[in-house]
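Since the structure of chain A is already known, use the hints to place chain B on it.
Chains as they are written, first to last, in our numbering: chain A, 165 to 543; chain B, 165 to 543.
Mixed in with the good hints, there may be bad ones.
In this list, chains with the same sequence are indistinguishable; a pair is considered to hold if it fits within one copy or across any two.
Stated by the list, open to error - The calculated DSS-like cross-link candidates involving lysine-lysine, where the alpha carbons are at most 27 Å apart (straight line), are: (1) Lys381 <-> Lys434; (2) Lys434 <-> Lys404; (3) Lys458 <-> Lys404; (4) Lys381 <-> Lys235; (5) Lys235 <-> Lys404; (6) Lys434 <-> Lys235; (7) Lys177 <-> Lys404.
Hints in this document: simulated from the structure, not taken from any laboratory.
The structure displayed is predicted, hence computed values, not measured ones.
Below, each chain spelled out in residue letters.
There are 2 protein chains.
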Amino acid sequence: MAKAGSVGVVAPKSMHFEAPLALASGASIGDYTLVYETYGELNAARSNAVLICHALNASHHVAGVYADQPKNVGWWDNMVGPGRPVDTNRFFVVGVNNLGSCFGSTGPMSVNPASGRPYGASFPVVTVEDWVDAQARLASRLGIERWAAVMGGSLGGMQALSWAIRYPDRIAHSVVIAATPKLSAQNIAFNEVARTAIRSDPDFHGGDYYAHGVVPKRGLTVARMIGHITYLSGDDMAEKFGRSMRAEDYQFHYDIEFEVESYLRYQGDKFSEYFDANTYLLITRALDYFDPAKATGGDLRAALAPASAKFLLASFTTDWRFTPARSREIVAALIANDRDVTYAEIDAPHGHDAFLLDDPRYHAAVAAYFDNIAREFSG
Amino acid sequence: MAKAGSVGVVAPKSMHFEAPLALASGASIGDYTLVYETYGELNAARSNAVLICHALNASHHVAGVYADQPKNVGWWDNMVGPGRPVDTNRFFVVGVNNLGSCFGSTGPMSVNPASGRPYGASFPVVTVEDWVDAQARLASRLGIERWAAVMGGSLGGMQALSWAIRYPDRIAHSVVIAATPKLSAQNIAFNEVARTAIRSDPDFHGGDYYAHGVVPKRGLTVARMIGHITYLSGDDMAEKFGRSMRAEDYQFHYDIEFEVESYLRYQGDKFSEYFDANTYLLITRALDYFDPAKATGGDLRAALAPASAKFLLASFTTDWRFTPARSREIVAALIANDRDVTYAEIDAPHGHDAFLLDDPRYHAAVAAYFDNIAREFSG
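Bound conformation, chain A alone (with noise of 0.2 Å):
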């Protein structure tokens, strides 16, 4: 049961688009699926939507439960429903799984309708700006001319970053949390490790896996440890776990020894199990490639200047994967370029992670954010 608070029961949606949408990289790809969820009511000026972009192992699921799976609640139901921050009594919120991801969307898993098998390692390489394209497509269909917001954390607050470069007129404010303007070379090469470690499982078989009903579940696991390290802060593990161990006293071998251990052995795990390891290449590569200042030169202000948005940044001290001094940057670039910016650094314990968790700081600073857009369009 979802707690009180939630939009309760929901379901997902598909849409699905012949017409060839170009790509970044210069390839295009048509008759692609995505798959959507949508909370709350489309207001009669249409003026009421807001989107939430996932980030690296998120979907379109971004709130409530589906009335077979009463566990499997939103990623972000914390943050969506009626009553929450981002209030489905006012808003009307999509959630949309990005292409190439592994959730019902059109990704490597997904039948080449040319070839009649899985794409596999012929999926294109798709970047942030991709999606964004991809998703400016499905607003039009679902008839929302322009955003009230568009909302992610990291991943997905690059997408928020991106739809107010690349379509101001459609986004009337971009919410942009625990983001960073490009990643550094400590990030990329985090990826760099999770990618060798699924590349190098034999039961990769260069992305083709699906053919030979195996999945890379060794390297899958060895990523999501190494992931998951990096989203949670040094102090917060100590505080989790510091030393505990499994047993009274050391044990002397290599098994589980230290309840971090565990816990990291558990994550990888249960990752392997759903999570398709040609879209963890594919996402961690989006994150690599994002750099809106790359085509001006490196001038993040330069890249920013066609924004019209209004912006909320939020970041967390504790942070070290995108750490506040990341956000800062964007919203200097934002100043700069004499814009409308509302900035939020919390004090939190939790790291990376904390933008999933509902810290009240947090959440009262969306909150009151939000309640500010509701008034413009209700007001």
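Just chain B now, with coordinates in the frame of chain A:
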């Protein structure tokens, strides 16, 4: 050719031990060999001997070069040599390869005399304390009753610390660089991901890969890539690599795009050619287990109470693996014991790896400290 100031051409020696060594695990190992090198001359009073302890991937080859391998320079050659901070004109320096390592001392690759086959998975789990005990036996056989100093960085620093606790009468100075009194949950987590990569490589064969004529090269590569990220600071990576690319522009593939990917793959590959996977498990486990205050209910002051040596501790501001705060825990516990302790916190950009580099302020601090030691036995 060795640079001026190098000890020049050196040659490893080996020493065999028949008497079983009792290990922390309760097991024991007999019939083992330790490989070591020495530089400089032991004085008549046998009072000028310095033991250098190695970390994860290093060995007894601390300084100089081999006659037949003029490019194989010792791993701490910038620290140890005539006129160098640990001056071999004044000190008799000993480097020893630890039990369980893979550079000549008895380890998992060695043939178990009981079975006639490589130890592999049956090699006992060893600890920092076990290494120190083995080093103490070597010292006795070399006629060194008391070290002028025991010195090491990272895991080597833990050995120097353990010497002071375990053999207070046999160590005049303990030089503990870039170390920690115990690993954090995050430290253990990184070790466990590396071990999982190795263990889950199909070529690992439960640790008995020697019999199969293979090595778990893929797992070792990933393990080393992870390690490398933690040895460098984020700033250092940013400065060294930033987002520099191989090609002019994005190629939209999963091969090398960024220089940092190339660097990591190269480091991982190179390492997997020479390092033994079982040794990687063994040494990371010794790191996990190190926790001298475990025996005193978590009280580091009590754990260090037996130590009578004088101490030099050094840490590096950008070391996020073992931060300066961890060194300061040791300093505080020593001060609480009224011990003589010198502490240098070096503002250096190179992360954990800084302990291997010749930062002038760092080397000056070590040189000054060893000057004082030399005065003790010469004056």
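Here is what the structure says about each hint:
| no. | hint | in the structure |
| --- | --- | --- |
| 1 | Lys381 <-> Lys434 | both (10 Å within a copy, 25 Å between copies) |
| 2 | Lys434 <-> Lys404 | within (19 Å within a copy, 36 Å between copies) |
| 3 | Lys458 <-> Lys404 | between (39 Å within a copy, 19 Å between copies) |
| 4 | Lys381 <-> Lys235 | within (24 Å within a copy, 41 Å between copies) |
| 5 | Lys235 <-> Lys404 | within (24 Å within a copy, 46 Å between copies) |
| 6 | Lys434 <-> Lys235 | within (16 Å within a copy, 47 Å between copies) |
| 7 | Lys177 <-> Lys404 | neither (38 Å within a copy, 47 Å between copies) |
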